[in-house]
Amino acid sequence: MQTDIRMTPGRRSYVEEPADPQQTRNRILQATAMAIVLAYPFLDLFFGWQALLAFIPMMLMITLALGLNIVVGYAGLLDLGYAAFYAIGAYAAAFFTSPNSPLASVLPGSPFAWMQDFWVAMIMAVLVAGCAGALLGAPTLRLRGDYLALVTLGFGEIVPRLVKNLEPWTKGVKGMNPIGRPYLFGCQFGVDPCEILGMKLKLGMIPYYYLTLVVGAISIFAIIRLRNSRLGRAWAAIRDDEIAAQGMGINPVTTKLWAFSLGASFSGATGAIFGAYLQTISPDQFEYSTSVIVLCMVILGGTGNIWGVMLGGLLIQSFDRIFAERLTGWIHKAGALTGDPTITAAFNSFDLLKSRLLVFGLCLVLIMNLRPQGILPNRKRRETALTDLPEDDVAPDEAVMIAGAGASTEKSR
Amino acid sequence: MTASNAPSDVVLDVSGLTKRFGGLVAVDSVDFQVRRRQIVSLIGPNGAGKTTFFNMVAGQYEPSGGRVIFNGKSLHGLRPHQITARGIGRTFQNIRLFTNETLLENVLVGMHSRLKSGPIASLLRLPSQRREEDEAREKGMALLHLVNLDRFANEAAGNLPYGMQRRLEMARALASEPQLLLLDEPTAGMNPQETVNMISLIRRVRDEFGVAVLLIEHDMQVVMGLSERVTVLNYGQKIAEGTPLDVQRNDNVIEAYLGRRHKRPEDEVADGGTH
Numbered sequence: 000m001q002t003d004i005r006m007t008p009g010r011r012s013y014v015e016e017p018a019d020p021q022q023t024r025n026r027i028l029q030a031t032a033m034a035i036v037l038a039y040p041f042l043d044l045f046f047g048w049q050a051l052l053a054f055i056p057m058m059l060m061i062t063l064a065l066g067l068n069i070v071v072g073y074a075g076l077l078d079l080g081y082a083a084f085y086a087i088g089a090y091a092a093a094f095f096t097s098p099n100s101p102l103a104s105v106l107p108g109s110p111f112a113w114m115q116d117f118w119v120a121m122i123m124a125v126l127v128a129g130c131a132g133a134l135l136g137a138p139t140l141r142l143r144g145d146y147l148a149l150v151t152l153g154f155g156e157i158v159p160r161l162v163k164n165l166e167p168w169t170k171g172v173k174g175m176n177p178i179g180r181p182y183l184f185g186c187q188f189g190v191d192p193c194e195i196l197g198m199k200l201k202l203g204m205i206p207y208y209y210l211t212l213v214v215g216a217i218s219i220f221a222i223i224r225l226r227n228s229r230l231g232r233a234w235a236a237i238r239d240d241e242i243a244a245q246g247m248g249i250n251p252v253t254t255k256l257w258a259f260s261l262g263a264s265f266s267g268a269t270g271a272i273f274g275a276y277l278q279t280i281s282p283d284q285f286e287y288s289t290s291v292i293v294l295c296m297v298i299l300g301g302t303g304n305i306w307g308v309m310l311g312g313l314l315i316q317s318f319d320r321i322f323a324e325r326l327t328g329w330i331h332k333a334g335a336l337t338g339d340p341t342i343t344a345a346f347n348s349f350d351l352l353k354s355r356l357l358v359f360g361l362c363l364v365l366i367m368n369l370r371p372q373g374i375l376p377n378r379k380r381r382e383t384a385l386t387d388l389p390e391d392d393v394a395p396d397e398a399v400m401i402a403g404a405g406a407s408t409e410k411s412r
Numbered sequence: 000m001t002a003s004n005a006p007s008d009v010v011l012d013v014s015g016l017t018k019r020f021g022g023l024v025a026v027d028s029v030d031f032q033v034r035r036r037q038i039v040s041l042i043g044p045n046g047a048g049k050t051t052f053f054n055m056v057a058g059q060y061e062p063s064g065g066r067v068i069f070n071g072k073s074l075h076g077l078r079p080h081q082i083t084a085r086g087i088g089r090t091f092q093n094i095r096l097f098t099n100e101t102l103l104e105n106v107l108v109g110m111h112s113r114l115k116s117g118p119i120a121s122l123l124r125l126p127s128q129r130r131e132e133d134e135a136r137e138k139g140m141a142l143l144h145l146v147n148l149d150r151f152a153n154e155a156a157g158n159l160p161y162g163m164q165r166r167l168e169m170a171r172a173l174a175s176e177p178q179l180l181l182l183d184e185p186t187a188g189m190n191p192q193e194t195v196n197m198i199s200l201i202r203r204v205r206d207e208f209g210v211a212v213l214l215i216e217h218d219m220q221v222v223m224g225l226s227e228r229v230t231v232l233n234y235g236q237k238i239a240e241g242t243p244l245d246v247q248r249n250d251n252v253i254e255a256y257l258g259r260r261h262k263r264p265e266d267e268v269a270d271g272g273t274h
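Just so you know, the sequences run in chain order A and B. Using numbering that gives the first Met the number 0, read the first sequence as starting at 0 and increasing by one per residue. Using numbering that gives the first Met the number 0, read the second sequence as starting at 0 and increasing by one per residue.
Bear in mind the hints are in silico, worked out from the structure with no lab data behind them. Glycine included, each C-beta is placed from N, C-alpha and C at the ideal position. Heads up, a few of these hints could be off.
Under the rule of at most 25 Å between Cα atoms (straight-line distance), these lysine to any residue pairs were calculated in the SDA-like manner [claimed, not checked]:
#, chain 1, residue 1, chain 2, residue 2
1, B, Lys115, A, Arg325
2, B, Lys115, A, Glu241
3, B, Lys115, A, Leu126
4, B, Lys115, A, Asp240
5, A, Lys353, A, Leu375
6, B, Lys115, A, Leu314
7, A, Lys353, A, Met57
8, B, Lys115, A, Met57
9, B, Lys115, A, Asp239
10, B, Lys115, A, Arg355
11, A, Lys353, A, Gln372
12, A, Lys332, A, Arg355
13, B, Lys72, B, Asp27
14, B, Lys115, A, Phe220
15, B, Lys115, A, Leu256
16, B, Lys115, A, Ile223
17, B, Lys72, B, Ser28
18, B, Lys72, B, Arg36
19, B, Lys115, A, Asn227
20, B, Lys72, A, Phe45
21, B, Lys115, A, Ala133
22, B, Lys115, A, Ala221
23, B, Lys115, A, Leu225
Each pair of labels, with its calculated beta carbon distance range [said to hold, decoys possible]:
#, chain 1, residue 1, chain 2, residue 2, range
24, B, Arg129, A, Tyr287, 50 to 58 Å
25, B, Arg129, A, Leu356, 45 to 53 Å
26, A, Arg370, B, Tyr161, 23 to 31 Å
27, B, Gly76, A, Ser354, 58 to 66 Å
28, B, Ser73, A, Val213, 50 to 58 Å
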C-alpha cells in the first residue's frame, strides 16, 4: 500500500459549494449595488441630489484605503504615513503634465513630448509611487509594530515638508496648477462641451466619476487576485506569525517590500486623478490628517476585508462630505418649523459641519468598542469552535489507514 | 542499525555546534548525524539545549561555533527561509499556525518555497500560475487528507482543537517537501490515544515521503517506540548516543534524569557485579 501521496491526489472537490439562498441573495444585492453605482451620475442629475462632486473624491479616498489595506490589513504593517505616497503620485503626475512644472519648458517639442499626456503621467505616477514604497520599505524592514509605525509617521511628515521646500520644482506652498486633464474619445475631462461622435455634450465632472470608478474597480480586481495568490498568502503568514512564516520558506524582506510597493502604487494612480480633478495640488492636502482618515477607514470597516474597508470608507466619507452638511440643514429646518424663536435659535446653533471631527471621534470610539474587529471583520470565526467535536472521531490505527487510503474518505461526522 | 557510512547517506551532519547566550553555554560543541530515512530523537531534561539546537539547524539562531552540513552543503549564514528551501521542514514547540487562515491556506503557505508564480503572473492569472495553483491546492488537500483533516479544509486553523493543530502543523511542514523534518515535541499535551496516532503518523510519513525525522520528545513511550537512534543532551552537552535500548541503560542518562545515586560500599559491589 505504498501510495505516494504527492502523485495520487485523487481529484477531490474542495471547491464544492452547495447552492444556498444566501448566496443568491448576495448576488442580487451585488448586481443592484453595481447598477446604482454605474447609473449614479444620471440619477444624481435626474433627482437633483448634487452630490456627484462629493462622490468623486470619496471614491478616490476609498481606493486609497484599499491600497493601504494591503499594507495594514494583509501584511500587518502599520503605516501612519500613507498620504506621502498619495502626494508622490499626485506630484509625479503634475510634474509631467502641469505647465507650471520645470519639465514644461523642456518636454514640448522634444522626443518625450508624449510624456505630457495624462494617461502616461498616471502610469508614471503609479511607478514612481511604487518605487517610493519600496524605498521607504527597505530601511524599515527590520522594524516591527510600533517602531515601524513611527518611521512611517516620520516619512509622512518628511514628504509634505520636502514638497514645501523644493520650491523650484514643486512651487512650494502655493502648489501646482493647472494640471493636465485626461483626454479620451475627443473629450477633455471636466471641460464642456465634449464632442463625442459628433454630438456636443455637457458632461461636467461625469467623466471623472467613471474614471475613478474604473480605477477603483481595477484596484479591487487586482487586490482580490493578489490576496488569493502565493504572495497574498505570504502576507497573511507574515502578519500572523513572522517566525513561522520564515520557517515555511517565506522571505520576510521581499514579502514586506512587495506590500509597501504595491500598496503605494495604488495611491499613485489615485493621486494623479485627484490632481487632475481638482486642477491644483498643494502640500497641505497630504498632511498627517489624510493618512489618519484613510487608516480610520481601513480599521473602522474591518482591517483586511476589502468590502469592509469600502464600507468604512463610504461611511466616513459620506458623513464628511455629504451628510454633515445636509443633516445640519435639516436640523435647522426642523427648528424653523417649530416657529418658536428660542428653539429655532437653539437648533440653528447646531452645526454638524463644524463639529464633524467630534462626531467622527465619538463614532470611532463607539464602533471600536462595540465591534473591535471593524464593521465587517476579516474572517468570520465560527462561534462554536471545533472543540465541540469528539477529539478524534476515528480509532487510532483507522485514522492512519484512512489517511492512506487515498479515495472515498468523506467520513461523515 | 545497518546504515552504511557512505557520506551521501548522511543528510544532516553537525559538528562542534555551539551556542552561547552571554555567559551561558546553551549548546556546547555537539556532534550529531542524521541519515536518510532515519528517525532520530533528541532528548534531555528541561533546559538541556534541545530547542536551541533545533533553532540553529533551522537558521533561527546563528551558531556561536561549529558547522551544520545539510546534504553535503554548509548552511552557514543562511536565513531560515533559505534553509526551508534547501529541504528542512519544521514544526514548533508551541504550535505556530496561521490562525486566521484556513487549513488549506496554512498548507499552501508551507508550499511557498516550492511555488514560483510572482505577483505579475498572479495579477494576470497566467495559465502557468493557474495550473500551479490548481496543483498546489490538490496537493494541499492530499496532505490534509494524510493527517485526516481534509474535512475541515476551509475552517480557520485557530478553530481546531489542540491535537488537530499539531497534525496540521505536520502537514504544513511536509508541504515544503523536506528531506529532513524537525519536530519539536510533536506529542506534547496530547492524550494517550492522540499520541499513538501521532507515532504511527510520523512513521508513516517517513515511509512514504522518505524523509529523515529529527524529533525532540519528552514522552519516553514515543522516543522508544519510534526512534532508531537517540541522542541525549544535558547542560548543552551530548552525554549519550545510540539505540533506544543503549541509551536507556546508560548510566549518564539515568543520572541526568534521576540524579546521582548516593553510593554506598555495597552498591559498588553490586555495580561491579553487573559489569
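Here's how the hints hold up against the structure:
no.	hint	verdict
1	B/Lys115 x A/Arg325	violated (53 Å)
2	B/Lys115 x A/Glu241	holds (20 Å)
3	B/Lys115 x A/Leu126	holds (24 Å)
4	B/Lys115 x A/Asp240	holds (22 Å)
5	A/Lys353 x A/Leu375	violated (29 Å)
6	B/Lys115 x A/Leu314	violated (40 Å)
7	A/Lys353 x A/Met57	holds (19 Å)
8	B/Lys115 x A/Met57	violated (38 Å)
9	B/Lys115 x A/Asp239	holds (22 Å)
10	B/Lys115 x A/Arg355	violated (49 Å)
11	A/Lys353 x A/Gln372	violated (29 Å)
12	A/Lys332 x A/Arg355	holds (19 Å)
13	B/Lys72 x B/Asp27	holds (22 Å)
14	B/Lys115 x A/Phe220	holds (22 Å)
15	B/Lys115 x A/Leu256	holds (17 Å)
16	B/Lys115 x A/Ile223	holds (19 Å)
17	B/Lys72 x B/Ser28	holds (19 Å)
18	B/Lys72 x B/Arg36	holds (18 Å)
19	B/Lys115 x A/Asn227	holds (14 Å)
20	B/Lys72 x A/Phe45	violated (74 Å)
21	B/Lys115 x A/Ala133	holds (21 Å)
22	B/Lys115 x A/Ala221	holds (19 Å)
23	B/Lys115 x A/Leu225	holds (14 Å)
24	B/Arg129 x A/Tyr287: 50 to 58 Å	violated (42 Å)
25	B/Arg129 x A/Leu356: 45 to 53 Å	holds (47 Å)
26	A/Arg370 x B/Tyr161: 23 to 31 Å	holds (29 Å)
27	B/Gly76 x A/Ser354: 58 to 66 Å	holds (59 Å)
28	B/Ser73 x A/Val213: 50 to 58 Å	holds (53 Å)
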